[in-house]
Amino acid sequence: MDRSSAGISGQYATSDNGYHQPNGHAPSSRRGRYRHATVRQQDSHPCSTPGCNEFHPFSGTHPSQYLMHRSVNSAQDFNALIKPEVMAGLARKSNRFGHRYDGRNHGQYASSIKKYTSAAKRPLNQTEQSQLMPLLQNFAATRSWNWRSLTTTFHSLTSAGVFTLHKPMDARVKLTQANLLSTLFDSIIFNCNQKPPPRDIDAQGVANLLWAMAKLVDNGLEPTAELKKAVAVLLPHVNAQKKQFIPQGIANLLWAMAKLVDNGQERTPELNEAVASLLPHVNAQQNQFIPQQIANLLWAMAKLVDNGQEPTPGLKAALAALLPHVNTQQNQFIPQQIANLLWAMAKLVDNGQERTPELKETVAALLPRVNAQKDQFNALAIANLLWAMAKLVDNGQKPTPELKRALAALLSHVNAQKAHFQPQGIANLLWAMAKLVDNGQEQTPGLKAAVAALLPHVNAQQNQFIPQQIANLLWAMAKLVDNGQERTPELKETVAALLPRVNAHKDQFDALAIANLLWAMAKLVDNGQEPTPELKRALAALLSHVNAQKAHFKPQGIANLLWAMAKLVDKGLEQTPGLNEAVAVLLPQVNAQKDQFIPQHIANLLWAMAKLVDKGLKKTPELKDAVAALLPHVNAQKDQFIPQHITNLLWAMAKLVDKRYEQTPELNEAMTALLTCVNGQKDQFNALAIANLLWAMAKLVDNGQEPTPGLNEAVVALLPLVNAQKDQFNAQSIANLLWATAKLGELVELNVATSAFESLVYRIRKNLQFSQEEISMSLWGVMVCCARLALDSNANKNNVLEQHMDDLLTRLENTSPENKEDRSIMIMAASWLGRACPVVRHYQKAISKTQADFRDQLQSCIPSLRIEEEKSLNSLPPVDLLLPDHNIVIEVQGPSHYVNGDFNTRNGSTLLKIALLKKSGFEVIEIPANMLWNQDLMKPYIDQIKTRIGIPPQEPGSVSFNRGWADAAYVTGEEHLEEQTNTAKKKKKRRRKQTASNRLPPIMTQGNFFAK
1 MDRSSAGISG
11 QYATSDNGYH
21 QPNGHAPSSR
31 RGRYRHATVR
41 QQDSHPCSTP
51 GCNEFHPFSG
61 THPSQYLMHR
71 SVNSAQDFNA
81 LIKPEVMAGL
91 ARKSNRFGHR
101 YDGRNHGQYA
111 SSIKKYTSAA
121 KRPLNQTEQS
131 QLMPLLQNFA
141 ATRSWNWRSL
151 TTTFHSLTSA
161 GVFTLHKPMD
171 ARVKLTQANL
181 LSTLFDSIIF
191 NCNQKPPPRD
201 IDAQGVANLL
211 WAMAKLVDNG
221 LEPTAELKKA
231 VAVLLPHVNA
241 QKKQFIPQGI
251 ANLLWAMAKL
261 VDNGQERTPE
271 LNEAVASLLP
281 HVNAQQNQFI
291 PQQIANLLWA
301 MAKLVDNGQE
311 PTPGLKAALA
321 ALLPHVNTQQ
331 NQFIPQQIAN
341 LLWAMAKLVD
351 NGQERTPELK
361 ETVAALLPRV
371 NAQKDQFNAL
381 AIANLLWAMA
391 KLVDNGQKPT
401 PELKRALAAL
411 LSHVNAQKAH
421 FQPQGIANLL
431 WAMAKLVDNG
441 QEQTPGLKAA
451 VAALLPHVNA
461 QQNQFIPQQI
471 ANLLWAMAKL
481 VDNGQERTPE
491 LKETVAALLP
501 RVNAHKDQFD
511 ALAIANLLWA
521 MAKLVDNGQE
531 PTPELKRALA
541 ALLSHVNAQK
551 AHFKPQGIAN
561 LLWAMAKLVD
571 KGLEQTPGLN
581 EAVAVLLPQV
591 NAQKDQFIPQ
601 HIANLLWAMA
611 KLVDKGLKKT
621 PELKDAVAAL
631 LPHVNAQKDQ
641 FIPQHITNLL
651 WAMAKLVDKR
661 YEQTPELNEA
671 MTALLTCVNG
681 QKDQFNALAI
691 ANLLWAMAKL
701 VDNGQEPTPG
711 LNEAVVALLP
721 LVNAQKDQFN
731 AQSIANLLWA
741 TAKLGELVEL
751 NVATSAFESL
761 VYRIRKNLQF
771 SQEEISMSLW
781 GVMVCCARLA
791 LDSNANKNNV
801 LEQHMDDLLT
811 RLENTSPENK
821 EDRSIMIMAA
831 SWLGRACPVV
841 RHYQKAISKT
851 QADFRDQLQS
861 CIPSLRIEEE
871 KSLNSLPPVD
881 LLLPDHNIVI
891 EVQGPSHYVN
901 GDFNTRNGST
911 LLKIALLKKS
921 GFEVIEIPAN
931 MLWNQDLMKP
941 YIDQIKTRIG
951 IPPQEPGSVS
961 FNRGWADAAY
971 VTGEEHLEEQ
981 TNTAKKKKKR
991 RRKQTASNRL
1001 PPIMTQGNFF
1011 AK
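Heads up: the sequence shown begins at 1 in the numbering used here, then just goes up one per residue.
Be careful, since some hints might not be right.
Said to hold, decoys possible - Per label pair, the in silico range of CB-to-CB distance:
1. Lys797 / Asp853: 36 to 42 Å
2. Gly352 / Gln376: 30 to 36 Å
3. Asp885 / Lys571: 54 to 60 Å
No lab work stands behind these hints: they were computed from the structure.
Virtual Cβ for every residue (Gly too), placed ideally from N, Cα, C.
Based on the provided sequences and hints, a complete structural model is requested.
Spelled out as structure tokens, the structure:
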């Protein structure tokens, strides 16, 4: 996103070529060369754009300076320049001397045009240009012209605006411009290619020509083959003349090369060599540069770096040499230069320049000047300054009071200048404001007013935005909305106006723009944007280009794209073949660039993959490889994850595990690493994060995650925060918390669980809109809490919870659920409350081998005992074994009925089923499955059952039922052997204790509930 560089369009360095020749014939004794004279032009016109840099001539005497001559002065009327006899005179001179004519009179005439525009302090307007052009149809440079004539003519006509491309452009004028330029380029190329080079090729002329060519290209002239060749033949002369350039020449040359490169000039070895040859002279002459030249040099270096120039030692030295002079001359910079300097600082930093103390001091020195000259900045400068400040802040600049004052001063002028902003300025301004807000800038009334002032201009100029600007604008809209900007009608209209432009320019977006656009559309949809047909068409257009650009996506782009597609699918958009193909194309790129992802990217990627899998994406080998590639980096970067990252990562891992992703050692290590971070950052988690974290931990436990101290500590750390933030939980978070706390069962102390439930249930009646799934999850959670209270004889019963249960059951019944899980929950709630239930649930039978073996052993020991299997009592989930003649239920509890499968800590499903059976009047006997691995281990339990049903057991093998079962512990095989050594003592103990076990099993058919 952040490649939206604010260009300095219309910001020119200027050059000088004081050409003053006498009218008349060229003295033959001089062979076309000029007498020595010192000519200094004291004033020059400003460039064609507002705020253009002033003109600074060379000083000193050149060996071939020109004689002063009588020419058109600044007060003379323009009509004097367009008299036919003037052109006739030039033609006579040229014809008279033929191939010996050196072009001096043509140079004089070109210089006169420039003098006129200098006096007028503006370039030629379109009317003047159209009047002049017919006279220039026969104004042609020839190869006989000398160097000074060529440079003076080319520079003067360019400076005066003779070659300016006005709109609309008369075809004849355009043709005349092209013909004249063609002859000038031909003569320049001819002169530069002579061997040996002409002696009159000088440093000033080289600088002036390159400056003029750069200005032509920057004004919209197409860089023709002739122009490119002219640049190419001039560049070697830069190196050859490098010691002759004075400060202004150095500044103009670097400005020109930067401008040419920015307009498409190839960075050839000759251009690189020319830049390299000039940079040491910046350092050597650093004390001679005036403010304008300092600004132009720093702008040029920033622009070159932005276009691929390596930050060589020479460039770094030149930069370091200039920065102190900005501070020294800070009070002499005019508004345009202040804007250029701050733009240059921001661009250099954005391209990797270290924020050295000198650079920081430079920025600090310039910011107060922004406030001081706030009323003098034009629209372009305001846009560039706000872009620069946003970019600096994004790269670590602290929001100092000076920066805030400068920002406030500029924002107040956006409304006043709104009619003058060009499309690029509008895009840069909105991008800058969005970036500032994203980095913590308060959305002040001034900022909101500036946004509101610009939005109508986006709509008005929608057809003029180039692809990069469209991407930046939609990114800005999405970022502003994501940070609290109201989705006003104007903002909605702006988005609606831009979306069709995405489809129209779909073939022109680069990889970065595609990533930013998809991210923006996903973020807008996430914040309430309707998935309109225009949005869907734009989305489809972009997805079709992901494959073509796959090799160009950087790590951030890959992360943003996968996040965006996951978010769009999560918000209901169809998983089209185009979307699935884009995902498939990107997954191998995750593996290929795995070492380059920062913590935020890792969190977003794993979240996206988990979300896509949750929405039906197949777990392909590429997806598994991408997950596997990222997991080791979670552990490696665990100390760098912020609370949101930790939350998203644990949620993602829990979701993947819940979708049957293999719990590899790398996944377990990553989870363990993250759980240790939860406790350390517990005070920084917001309400949504707390809910998602507890949901994730409950889901991991529910899927057999091995018990770790980190998980227990994380649960203990988070649950007390529920009460503190109870008013901030939304309906989804409340449902997730109730479900998670209930699912964790006995892992959470009863008083802690009850406190959390009491903090949340009162919110259920606060007009929160619960979905059917959220009602079902909440009802199940409340039932588990009531079950735990009912099973604990020391707990105070909570009638308020049962009232909420009744309310939730009514709300769930009103939704008429069709899925089996919701119907099962309704049945259980109705049974608990003693209400009639309108639905019936048919359960599938599932008999484990352990259960079957125990049943067979029990039946063989007591042949007369009537045993029923998988019996559904009162429409509740079926029990393992029922002894109908004795009203006893036997539950053989496998590892899925315990937290972490530890055969000790019962989960919420188990507790609820036991409590429901007890409430229905059944005596319940729980036997952990790990106690029934062989007949020897089974015998003590069978003996106890005999005792319960009135059949005396055989003395040697009896074990007290009351031992452990009533105290939440279980009898192991070793304990059984130990008890056999003291039979008499055990008999006495059995007489004293006759209480029944109340251990209850999990609901084996209970469905899983998922956080959204």
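*Falls inside 36 to 42 Å, the C-beta gap from Lys797 to Asp853?*
Given a distance of about 39 Å, which is inside 36 to 42 Å, the answer is holds.
*Per the hint of 30 to 36 Å, is the separation of the Cβ atoms of Gly352 and Gln376 within bounds?*
32 Å Cβ-Cβ, so the 30 to 36 Å window holds.
_Can you tell me whether the CB distance of Asp885 to Lys571 sits inside 54 to 60 Å?_
57 Å, holds
In summary, this structure violates none of the numbered hints.
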